[in-house]
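Q: Here are the chains, one letter per residue:
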Amino acid sequence: MNLKSSIKFLAFGVTVASVASAAIVGTAYGKDIEWSGFGEEVVHHRKDVGISKARSGFQIEGLKFIGDVGPFSNVSVNGIVRLSYDAVYDLNDDEYGNNAGGAAFVNSLGLANLGAPTSIPVNGNGIGPAGGLGVGSFAVTNILGPQVDVAVGGDGTGSAFPFTAVLGGNTFVDAYSNNPNVGMITLGEHLRPHGDGVSFGVPVRPCDTDGRGCIKDFMDADKKELASPELFSDRGDWLRELYVDATLLGKGDNEINFRLGKQQVIWGRTDLFRVLDVINPVDYSRNNIYDELEDIRIPMWILKTDFRFGATGPFDDFNMQLVWNFDKFRPNNLGQCGTPNVILDAGCFFRGMKNLWDNGGTVANFAPFDVTDPSLGLLATNFGPNSIGIRNVELPSWSLSNTQLGFKVEGVSGDFGWSFNALTYRSQLPSLHAGAVPVSNAFTGAPEQTFDYLIAFDVEFPRVNMLGASVDYYSQGIDTVFRVEVAGTQGEEFANTLRPELYSESDVVRFVVGADKNVFIRALNKSRAFLISGQVFGQYLLDHEMGNATLGQVGMPDWKQNHIATLLIKGWWMNDRLSPQIIMAHDFRAGATVVSPSIDWLITDNWQVVLTANYKTGGSDQRFDDCRLCNPWGPFTTSIPALPEHGADGLTAGSAGLGGFEPLGRFRSGPLGMAEKEDEIQIAIRYRF
Amino acid sequence: MSYKKLLTATMMATLLPVMGASASNVDDSFYPYNESVPTYPGLTPGMTLTSANIDQFPDIMDAPMIAAIKRGDVQIKVGKTTSFDLHPNYVKASRENAGNVMLGAEVGQIDGWVAGRPFLDQPSSDDDRAGEKLAWNYKYGYNWGDNAAIYPFYWKYRNMETGSVERTLKFNFHFLNYKGRVNQEPLPNIEPNPSGLFRSIYAQVLEPYDVKNTQLLIQRNSDDLKRDNAWLYLGFQRRVRRLATGQVTDAFLGSDIMIEDFEGYNGRVSDMKWNYMGTKNVLLPFYNHNDMALDSETHQDDEGYQVVAFGGKGGCYPEIEWQLRKAYVVEAIPVDPNHPMSKRVFYMDAQTFTIPRTNIYDRAGNLWKKWMIGQSHPDHHLAKNKGSGVSIDDSFAIIDVQANHCTTGQFKGQIDPALNPASLFTPQNMRATGR
Chain A
1 MNLKSSIKFL AFGVTVASVA SAAIVGTAYG KDIEWSGFGE EVVHHRKDVG ISKARSGFQI
61 EGLKFIGDVG PFSNVSVNGI VRLSYDAVYD LNDDEYGNNA GGAAFVNSLG LANLGAPTSI
121 PVNGNGIGPA GGLGVGSFAV TNILGPQVDV AVGGDGTGSA FPFTAVLGGN TFVDAYSNNP
181 NVGMITLGEH LRPHGDGVSF GVPVRPCDTD GRGCIKDFMD ADKKELASPE LFSDRGDWLR
241 ELYVDATLLG KGDNEINFRL GKQQVIWGRT DLFRVLDVIN PVDYSRNNIY DELEDIRIPM
301 WILKTDFRFG ATGPFDDFNM QLVWNFDKFR PNNLGQCGTP NVILDAGCFF RGMKNLWDNG
361 GTVANFAPFD VTDPSLGLLA TNFGPNSIGI RNVELPSWSL SNTQLGFKVE GVSGDFGWSF
421 NALTYRSQLP SLHAGAVPVS NAFTGAPEQT FDYLIAFDVE FPRVNMLGAS VDYYSQGIDT
481 VFRVEVAGTQ GEEFANTLRP ELYSESDVVR FVVGADKNVF IRALNKSRAF LISGQVFGQY
541 LLDHEMGNAT LGQVGMPDWK QNHIATLLIK GWWMNDRLSP QIIMAHDFRA GATVVSPSID
601 WLITDNWQVV LTANYKTGGS DQRFDDCRLC NPWGPFTTSI PALPEHGADG LTAGSAGLGG
661 FEPLGRFRSG PLGMAEKEDE IQIAIRYRF
Chain B
1 MSYKKLLTAT MMATLLPVMG ASASNVDDSF YPYNESVPTY PGLTPGMTLT SANIDQFPDI
61 MDAPMIAAIK RGDVQIKVGK TTSFDLHPNY VKASRENAGN VMLGAEVGQI DGWVAGRPFL
121 DQPSSDDDRA GEKLAWNYKY GYNWGDNAAI YPFYWKYRNM ETGSVERTLK FNFHFLNYKG
181 RVNQEPLPNI EPNPSGLFRS IYAQVLEPYD VKNTQLLIQR NSDDLKRDNA WLYLGFQRRV
241 RRLATGQVTD AFLGSDIMIE DFEGYNGRVS DMKWNYMGTK NVLLPFYNHN DMALDSETHQ
301 DDEGYQVVAF GGKGGCYPEI EWQLRKAYVV EAIPVDPNHP MSKRVFYMDA QTFTIPRTNI
361 YDRAGNLWKK WMIGQSHPDH HLAKNKGSGV SIDDSFAIID VQANHCTTGQ FKGQIDPALN
421 PASLFTPQNM RATGR
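So the sequences go chain by chain: A and B.
So the first sequence is numbered by the numbering used here: it starts at 1 and just counts up by one.
So the second sequence is numbered by the numbering used here: it starts at 1 and just counts up by one.
Isolated chain A, as found in the complex (with noise of 0.2 Å):
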């Protein structure tokens, strides 16, 4: 953000904070602010890893009625404040606070040839004089370098391939100072072993305990954010919601709604699956997917207009909208490595590579053990820093042309109800691009420049256009309510390792269509009738590429077509005191199902008791190109002979499919796969005022 857009945004949100604070203020002892809140003990236990949640929260909000003020009517003021603080990080501080991680250990098959054990510690010692097993600078060019001169027709003493010369100012490394193997994990370990995959350390504990791979303003925050995620927040998160509303009284019946403040504005008419309400990002640190989104959506400072038309022409009802987003963009909140809510695992793959980058590491399985024979096997490497990883995040700053606008018509006719709607935004999860990234040949120590399927990266957010629309109908035959969503998106970014940026853009659709009846089951409640609520989700990446290289597949990771099927089916009993509900997930291409019961009881109008369970079976083993045989250093990152992919030379680069479990196997797995180690039980006390 520059200086001068800076100061607008600074006035500006200050001003809306001011007059809604006055508001408050003002009348802090008016009899006529509504008080409501809660205060909870939230304990979630996750099995084999022991508590996972702790948290003890409170939240108050106030409404405070206005009146008229000049020519707006029914003015009013509306504050959320939310507090918390999740002792999880001192009550299993070896699995999520200061002692957690340990020593991490990956895969180097190759060794079995040298009868080796082939479990090795990340971040060790190089082969050679360092007296490790990694693949280091020493073993490139001692190693490597003679098998390339045997390989091109020498005898090994670089009598064909001088590789002292040529070799001898590679950059990976025989022991990382900056880098050590403690309070690490394997990435992946806990959802299977890596095999013959890829994998690399990556550090867990908080950022003020251990800075390595933490990404400023992205994935940086201290154990005191972590634990107060909203008090220590960066971004004044314990101000949840401050908004004010007013309304314009037109002619008849018409009127302009406004809404101005912090806020969250919901799109769409379906529930779990966000198709049309992306306005606000997420935070999935909280719980995953498994919090109400109200409680999870990112409130952002947002002007909301909506313009009011009641019945007008064939309609019952007729409404336009606008949405100004004018926050400074962020970004879901994916959860940090380290802690319990880690969607995708993305938070540790990120933070392992950006370590990677800062400080370098041990890669599983990397280098062929003979590159003349590869299937004699693969040797974790050491690489340098600087050579393969995560450099920046570049996070969009705040300017107009960053702001995000939203427009919808919404309106009735009878059964049906309907909207269009249309968003420009920038996407709220990270891509990954390659190929931008200057960097010296870990080979060779050449002058730093940029290469094609390199895996070093930049993180970018890309601005994302949004068509969509939604319809229900409510059918009076059998009695049901059908919901339909459905969403086109121009601009989003998939990873993609035909590409040689390692990524490309997709036009995706995605629908949800969901059907809500509520059915009487006398035998079990003669009065109450349960609601079953069934809804398919959809995706399609319209642009999808895919591709057959010598080793596997190719292309993009992602499902070109994929569907999630939930299901809800939830009782009451005891005039609405006691609910059971149970919700199942499945999702079809992952493999993956999640079955989550609870029982809300609601002791009195203040205490509130819920229990539930969260079992989830299946999808974590998907396993996809890793890029290992893109061969941006032709020609030492092929085999001998080359492989077809990479020319007869060997400097051609581009993915020969080598595959395993990470990284982008994640894609495939989906958010219920690769939580599918994530079983808890929970239990939530309340009480509310």
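Treat each hint with caution, since some may be false.
Unchecked claim - Some chain A residues judged to face chain B by a derived CB distance under 8 Å, without partners named:
#1 Gln264
#2 Asp306
#3 Arg308
#4 Pro314
#5 Asp317
#6 Glu410
#7 Gly414
#8 Gly417
#9 Gln476
#10 Asp479
#11 Thr480
#12 Asp516
#13 Ala529
#14 Trp572
#15 Leu602
Stated by the list, open to error - Derived BS3-like pairs (lysine-lysine); straight-line CA-CA distance at most 27 Å:
#16 B/Lys70 - B/Lys156
#17 A/Lys570 - B/Lys212
#18 B/Lys273 - A/Lys526
#19 A/Lys251 - B/Lys179
For the record, the hints were derived by calculation from the structure and aren't laboratory data.
Quick reminder that beta carbons are idealized off the backbone N, C-alpha and C, glycines included.
Given chain A, work out where chain B should sit, using these hints.
A: Then chain B, alone, in the frame of chain A:
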């Protein structure tokens, strides 16, 4: 008089009874107590019916209420029978339009209604469709007038055995008639009205926290054969959901009330087979709010308004007076064989066509619920309600006699168009104002 004038006068005299209602019909229908009020031997205003004396009045009320008095669950204070005159404009509209209204071929069909009470003739047991006509008179009754609000409205869920209040919900309820309006512009219909809506009910939950900000909108179509459209805004979802409205027999927010019970009966005429069972003078809960025992704890406001107090067993009975009034006894049998009840027996007040008493029977034919809605005279209520001609729903109790549980309601009914603009009764209002 010329021949032409004579012919015209003769034709007018012939046609008038067809085109409009006779004066006697109107008086009988709207002013049944003009000449006298009902009496019952030994019953005098001011007395209290208790287990000690109820045997002297074996049919002064319906049998379930008599039984409750005998058990000592409740004592009934007898009030003086008073006339609850509906608004003159409603009476006028009834007079002007009644002769034009006819039942259609099927139950749920009606032709010619514009405004007012559709059928002014006294029901006859010889008329197979007398019950259905009474149902229409209720549906197109003056009820809450052209619009009104219960602002606020307290519901308490009570354990009848222990008397404990399990839950207290605080609402605002709003009502708006799109058609048949007689008093507030526009008349007689709000236009445009592309789907031909007859009436809307909008409710907003204010407390407690778990259902705070829940909003409900029900739109009733003029076509009685069509189901309602309904939307629900859930505060914890912040989303408006269209509701399947077939299950109007679902317990509303866990109370003992079904949506079908609202205001006495909230289903379609076509959902029931209607049988007129006779006309009786019975005690019904009609009173002057300002003269009743009031509850000083549940609600306080700057106007000094207080809601009706409750007592009796479990706190399930309103502490009000009951008047001896003319009532039509109507049995409604659900058309749907899967309906959870076998029948309702309504006691429709003949003057106001409100339904202050209903007994509800389960599928086995056993008494399930007793449903009573106390009616206050508008001239003895809030000052703004004076002269509104609306019989004010002012207190309710629905008692599940099988579960020994009840839900009670305490009202602040306000006849105030400013509280009920048409813009309030739209799904978009729920979205725009939802929190």
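Q: Could you run down the list of hints and mark each one as holding or not?
A: Hint-by-hint comparison with the structure:
no., hint, result
1, Gln264, "holds, 6 Å"
2, Asp306, "holds, 4 Å"
3, Arg308, "holds, 6 Å"
4, Pro314, "holds, 5 Å"
5, Asp317, "holds, 4 Å"
6, Glu410, "holds, 7 Å"
7, Gly414, "holds, 5 Å"
8, Gly417, "holds, 6 Å"
9, Gln476, "holds, 5 Å"
10, Asp479, "holds, 3 Å"
11, Thr480, "holds, 6 Å"
12, Asp516, "holds, 6 Å"
13, Ala529, "holds, 5 Å"
14, Trp572, "holds, 6 Å"
15, Leu602, "holds, 6 Å"
16, B/Lys70 - B/Lys156, "holds, 25 Å"
17, A/Lys570 - B/Lys212, "holds, 20 Å"
18, B/Lys273 - A/Lys526, "holds, 22 Å"
19, A/Lys251 - B/Lys179, "holds, 21 Å"
Comparing the model with each numbered hint stated earlier shows that all of them hold.
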